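Engineer: Each chain is listed here by its residues.
Number of protein chains: 2
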Amino acid sequence: MSKDKKQIYKPKAISGFPEWLPEERLIEQQWLDHIRRVFESYGYTSIETPAAEEIDVLTAKGETDKEIYTLTRLQADDSDKREARIGLHFDQTVPLARYTAMHFNELDFPFKRYAMQKVWRGERPQLGRMREFYQCDIDVIHVDHLPLHFDAEMPAVIYEALSALDIGRIQIKISNRKILLGLLDAMGVEDTIPVTRTVDKLDKLGPEEVTKLLMNDCGLSKDHCEKILHLTTVSGVADIRAITPDNDQMKEGIEELAFVLDQLSHLPEGVIKADLSIVRGLDYYTGTVYETRLLDIPEFTSSVCSGGRYDDLAGSYINKHLPGVGISIGFTRLFDVLRHHGYIKAHKKCPTDVLVILPDEDMRAETAKVAQALRAGGHNVEVYHAPQKIGKQIAYAEKKGIGYVWFPDLGEVKNLASGTQEKANATTWKAK
Amino acid sequence: MSKDKKQIYKPKAISGFPEWLPEERLIEQQWLDHIRRVFESYGYTSIETPAAEEIDVLTAKGETDKEIYTLTRLQADDSDKREARIGLHFDQTVPLARYTAMHFNELDFPFKRYAMQKVWRGERPQLGRMREFYQCDIDVIHVDHLPLHFDAEMPAVIYEALSALDIGRIQIKISNRKILLGLLDAMGVEDTIPVTRTVDKLDKLGPEEVTKLLMNDCGLSKDHCEKILHLTTVSGVADIRAITPDNDQMKEGIEELAFVLDQLSHLPEGVIKADLSIVRGLDYYTGTVYETRLLDIPEFTSSVCSGGRYDDLAGSYINKHLPGVGISIGFTRLFDVLRHHGYIKAHKKCPTDVLVILPDEDMRAETAKVAQALRAGGHNVEVYHAPQKIGKQIAYAEKKGIGYVWFPDLGEVKNLASGTQEKANATTWKAK
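Line by line, the protein sequences give chains A and B.
If you're matching positions, the first sequence starts at 1 in the numbering used here and goes up one per residue.
If you're matching positions, the second sequence starts at 1 in the numbering used here and goes up one per residue.
The hints are all genuine.
As the list makes no split between identical chains, a pair holds if one copy fits it or if it spans any two.
List of simulated lysine-lysine pairs, BS3-like, C-alpha gap at most 25 Å:
id	residue 1	residue 2
1	432	400
2	399	320
3	320	10
Please keep in mind that the hints were generated in silico from the structure rather than gathered at the bench.
Computed from a predicted structure; not experimentally measured.
Using the sequences provided together with the hints, build the complete structure.
Structural biologist: Written as structure tokens, this is what we have:
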């Protein structure tokens, strides 16, 4: 086929499926590596589950508000359509529950696992809505009883993971749902889910609108609404301890929250904030709940990292009582917002530390030896691909953000940032 | 809902979507980390493309023999069905081509990229057939002309990447398709694809069966078949240089192959083998081709790592001439076969280096400080979760393969492998 007759299909970006340029990807990798390192430093172990689960697994807890992508073979015939249907996971918690149930006898408890995988949601295309994104999760699961101490470990790990990412001040807000649920129980409210979901919107709607919804949609009295809204304004350990509990559940929540806050008192001032307005709309949280704000990134308005304590991880798949606590960083959305608003400065376009100049074709074996010696010293090294003018070779290094060029004919290395050039031995030299 | 009334859905493993236990996953991670480190040490930069591509992109080269999974929203309505269809990528080469075309003006050439992602194929369930697996690819793309030197870099990188994985001796077989294609041209064979595809089966079918197919299905004469089969038996640089070329194409192939072999002469004896029976059935390879055997793993019979040179990476998506060379490790299949046949010995069930004993609840703050000091020294550290009997705490460490236990009350550390216990300072101590 001649070149001009060739059929060209010009690809379009698929809305909600982001991808980065090499220089951005390098930073994404550094961030993911750092998060992983912190997770592992606390003994969390990686599991990786398949992208797909049975639809029956994904929907075992009943209708989900997450949009699921199902998989069908392009050339499917009728016999395929009769096959068990599978779909892409929409979070890492359902797969964790399924995994824990399925491998229960082979796991050691407490099971401390981290997961850093992509998840998919078949959202309608919309600005900022992502259909594919990384989540970075840690969870601890135990059988029958999980010590409260782990509820305090989550924010400590997350603080370490996020604070090295150069994203300014982080604030982790902590509450305990037993306090609000206890209060509602004392008030005689039976259907608590609409109430907690409404209180969860306090941030967005403000107290007046929430009061209106609580009265009109949830049927609460004005008095009860005031009591609830007053509770959500309490923050700080002393104030929490000062709450007079109406029943045992409230009392338990207050004690648990105070314990968790105590355990976190070693973190820098302002990192941890008790905030009873945090309830998380999700019904499966039963105690501690977390949300995380970036105080110096006004463009990032939602919680970058949320989670909480749940009583029963895998009850849909196994007849075991498996309480857990977990937290999840919405990694890709964080990265994308920061990238979009210019908070991420990409300097390098490749992992290369040193470019070895190729002075002429006859020196290829010599340059290869120098490159190998530098690699053995722990450096990432490219040999320039053709014996072109030295200026062109150096320009290539500068354009890609490579820090050093090596002249094998001179036995010298040049630091491109400082401009200094000096004699060096490839076997012993170290990049700064 | 009471516990016994609970609906339990017992999950089944989905055929072709493997997942590992934590101890296996730890080793998988070490292997992937190592491969990545080697790729980066040669200056390859990571790109990560979305799991999904437009179906039009996936099929732009015409019918593919790879089974594609398409994505549909579970609660799709008619307007969704009118949306552009998307499907999961079945390899990393099509996404690379699409990416390079789409970001052409933002990339630097030669573009050296690596990719380590999962790919999906909607295969029918069958023993050993995987529907989700990691591929580890490197490719170099350039505009108009790509130096042959890169054809020699591929096997050097792959040798380094694979030889540290403790999988015995590796043999990378190299050929150049121009030699066979030149010969076919000299013979007047116009439709070369069926011939190369048949020769590619030599390994499986043997020379007699291949001769029969070449004569019956491809219409070759007995004489021509003999000449072709003779060519495929040639190996070793000297024999290759001794071939008398029938035309320029053959001559070019011989020279290129000899150049690549020369460049690789620094690798240990036996790692590189010229083998003209390697043709790779894929039509887009135009020069150098690679296959890789594991000489000490008889259970792994196919090529663990294959690739080659192609003239035109992205011609389906952009009107640029982009030649490239690439190679791909079929990672998950390799890992699974080794795992299945007991070549992988898992010792640790978590990344933890040190378990800090919790002697009693009052010492929690003290143990937390010890743990933090050990983490600052670069160790992965867990604090035991409850002040249980010391023997039980040590048993937990032993079961999970944790190497050391730390007694904060005694200021001592015990090496569980050697049994030695000694005084130690958490700030300065280093695990061996």
